[in-house]
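Each chain, letter by letter, is given below.
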Amino acid sequence: VTGWETVLGTSTIHNVDEIRPPIVEVTGAVTGRYELLEQADDGTIVLGPDTSAEAIMRRHNSRPATDEEFEAAFGDLPTGDA
Amino acid sequence: MSRAQPPVWRVRFDLSAWDADLRAASAAARQHAERWRLRVQIAGGIPHAELKRTRAEDDGGVNLPGCVKIRIPDPFDEDPRNSPWGAVLLLARDETGLYLAFLAFGLRHPDPAGRLPSVYQRAHRRLQRRADS
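Chains as they are written, first to last, in my numbering: chain A, 1 to 82; chain B, 1 to 133.
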């Protein structure tokens, strides 16, 4: 999907990375970052919400814990097959 | 247990990720997952003792820094060790303090012949996006 760009109605979709499924940024009638779930030969595309950790943190107005915070919180826990 | 460890960890569920994982799951898995989420909400979170750390990196290249994992118990089998389902949660901080952010739900060890990613692979992909995007 390198360089991929599609115009849908009044929305322009720009590819912003190449990890599958790709993340696309939509501007226009619909705005935001989405996952490209399907892309058919006839041009039909299916978008879903961005479920990356970065997007989740943004929606929660949060940041990942630091290594020090993680060790203080879970340093006592066993590691292994959950 | 230090001051950084509450007996029950607050959990926030991102419904976009939650819905995506449940859409990919079987009907039985969805039922287990919804019951577990309801139980977490009623309890106000997940007990510290039910959590486990993730390995630094497994043979498949899955790397889940900052994450813990938990088995999703089968309501018909009280021993959670028998459950094929699990969840991965990311330790995060919001305006009120540390909490666990739901990151992924799914099979812990899916049939290698199938094409379903494990819950750890799902979580890994979501974490990598954070690093690469």
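The set of hints was computed from the structure by calculation and includes no laboratory data.
Among the hints, a few may not be true.
[Unchecked claim] So, partial list: chain A residues that the calculated Cβ filter (under 7 Å) puts toward chain B: (1) Val26; (2) Thr27; (3) Ala29; (4) Thr31; (5) Gly32; (6) Gln39; (7) Thr44; (8) Pro49; (9) Ala53; (10) Glu54; (11) Arg63; (12) Ala65; (13) Phe70; (14) Phe74; (15) Leu77; (16) Thr79.
[Claimed, not checked] Cβ-to-Cβ under 8 Å is the rule here; a few derived chain B residues that face chain A: (17) Ala20; (18) Leu22; (19) Ala24; (20) Arg55; (21) Asp111.
[Claimed, not checked] Pair ranges (Cβ atoms, derived): (22) B:Gly45 <-> A:Glu25: 14 to 22 Å; (23) B:Gln41 <-> A:Ile45: 29 to 37 Å; (24) B:Ala49 <-> A:Gly48: 42 to 50 Å; (25) A:Ala40 <-> B:Val8: 44 to 52 Å; (26) B:Arg81 <-> A:Arg58: 43 to 51 Å; (27) B:Pro7 <-> A:Ala29: 23 to 31 Å; (28) A:Gly43 <-> B:Asp79: 23 to 31 Å; (29) B:Thr96 <-> A:Glu68: 25 to 33 Å; (30) B:Ala28 <-> A:Ala29: 20 to 28 Å; (31) A:Gly28 <-> B:Pro47: 21 to 29 Å; (32) A:Val46 <-> B:Gly44: 30 to 38 Å; (33) A:Gly28 <-> B:Asp94: 42 to 50 Å; (34) B:Asn82 <-> A:Leu37: 27 to 35 Å; (35) A:Gly43 <-> B:Ala49: 49 to 57 Å.
All of these numbers come straight from a predicted model, not from anything done at the bench.
By construction, the Cβ of each residue, glycine as well, lies at the ideal position given by its N, Cα and C atoms.
Hint check, failures only: 1, 2, 3, 4, 5, 6, 7, 18, 19, 21, 22, 24, 26, 27, 28, 29, 30, 31, 33
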